[in-house]
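Starting from the known structure of chain A, arrange chains B and C on it as the hints suggest.
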Amino acid sequence: MKRILIVMFLFLIFWIILAEKISFEVAVLGIFICLWTYVFNHGFNVILTKNFWTLDKIRHMIIYLFILVKEIVIANFQVAKVVMSRDMKITPTVVHFRTRLKSDLNRTILANSITLTPGTLTVQMENDLLTIHCLQKDYVEHVLNSKFEKILLKVEE
Amino acid sequence: MKLMLIAIFLLGGLFFFSVGTIGLLRFPDLFTRAHSAAKCDTLGAVLCLIALMMHSGINYSSVKLLLVLIFLWVTNPTATHLIVKAVFVKKDKHKKIDGVR
Amino acid sequence: MIEKLLIFSTIVLSFTVILCMIRVIKGPDAADRLMAINVIGTKIIVLISIVSFILKETYFIDVVLVYALISFIASTAIADFIEKMGADKE
Chain A
1435 MKRILIVMFL
1445 FLIFWIILAE
1455 KISFEVAVLG
1465 IFICLWTYVF
1475 NHGFNVILTK
1485 NFWTLDKIRH
1495 MIIYLFILVK
1505 EIVIANFQVA
1515 KVVMSRDMKI
1525 TPTVVHFRTR
1535 LKSDLNRTIL
1545 ANSITLTPGT
1555 LTVQMENDLL
1565 TIHCLQKDYV
1575 EHVLNSKFEK
1585 ILLKVEE
Chain B
583 MKLMLIAIFL
593 LGGLFFFSVG
603 TIGLLRFPDL
613 FTRAHSAAKC
623 DTLGAVLCLI
633 ALMMHSGINY
643 SSVKLLLVLI
653 FLWVTNPTAT
663 HLIVKAVFVK
673 KDKHKKIDGV
683 R
Chain C
256 MIEKLLIFST
266 IVLSFTVILC
276 MIRVIKGPDA
286 ADRLMAINVI
296 GTKIIVLISI
306 VSFILKETYF
316 IDVVLVYALI
326 SFIASTAIAD
336 FIEKMGADKE
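Protein chains in written order, with our numbering: chain A, 1435 to 1591; chain B, 583 to 683; chain C, 256 to 345.
Bear in mind the hints are in silico, worked out from the structure with no lab data behind them. Accuracy of the hints is not assured; some may be wrong.
[What the hints assert, rightly or not] Quick list of in silico lysine to aspartate or glutamate cross-link-like pairs, EDC-like style, CA-CA up to 20 Å: (1) A:Lys1515 - B:Asp611; (2) B:Lys667 - C:Asp287; (3) C:Lys339 - C:Asp287; (4) B:Lys667 - C:Asp335; (5) B:Lys667 - A:Asp1538; (6) B:Lys672 - C:Asp335; (7) A:Lys1491 - A:Glu1590.
The shape of chain A in the complex, shown without the other chains (with noise of 0.2 Å):
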């Protein structure tokens, strides 16, 4: 029951910025939707496992937002350098490596922030496999211990 709660409070606020106004019928026709979109949706509620919410997670999480942030920016400069130079050094790398997280939205989110940074790239991810194309050789090092793993096990604790 609190699981169907916490689901519409979110698709509800989704709905009401989508209708742009807060009136008695959009807020009946939301109800309605925002009830049919979860049957629908019943099996994908990944982010509603037992004890996510926690204060000590959430504060992690923003940590993390944040080193991703200041990751995705000094990368940027670093390949917007390469590609402006006259002779393009590039020495392209694929690595493999073994994360040591256990849960598949975490290794999801490493993944995709891998790829979100410019310079490195998840190319397959088959259980704790990752393969990894670099730019350059030096980019190896950053992932093989990159501070995104370090957050994401604080996590999952």
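Only chains B and C this time, still in chain A's reference frame:
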């Protein structure tokens, strides 16, 4: 002051968009092109949308732009990953078949 | 002043879209073309949202949301197609 901030963010976004396009044209193969495309998707789009959000102020349309921004950050790496994986799996098969021969 | 800036950015963005079309036409493989089209999709998303502020029509932002959804679905579908096309050839 607000105008200056908007101009800086918008021009920064345009800079990253054009650098990404130049990279898309200059790099030699698919994987390196994907790096360049990722740059467009992340910082270029985000800086432009943040500039528009500042211009709009706090109302429903800026919240919608924030939704678009989050959606782009979640889906674009996924799409890039899928395209690259499709090619990588194909190349891998070629290698294995050559090895068998 | 702000309108001139917005119009300038739409012109620059359209120019980069045309440059991307070179890669779409030239690209040796289907995957290269799909990558370039993905980039063009992102640019169009930004372009429509800038145009909505130039014309002061806020409902264009709904168009942006739907466009983002459809472009993502199209990219995944065509990537899946490319993967299967390779499997059939062998």
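Q. Are there hints from earlier that the structure breaks, and if so, what are their numbers?
A. Violated: none.
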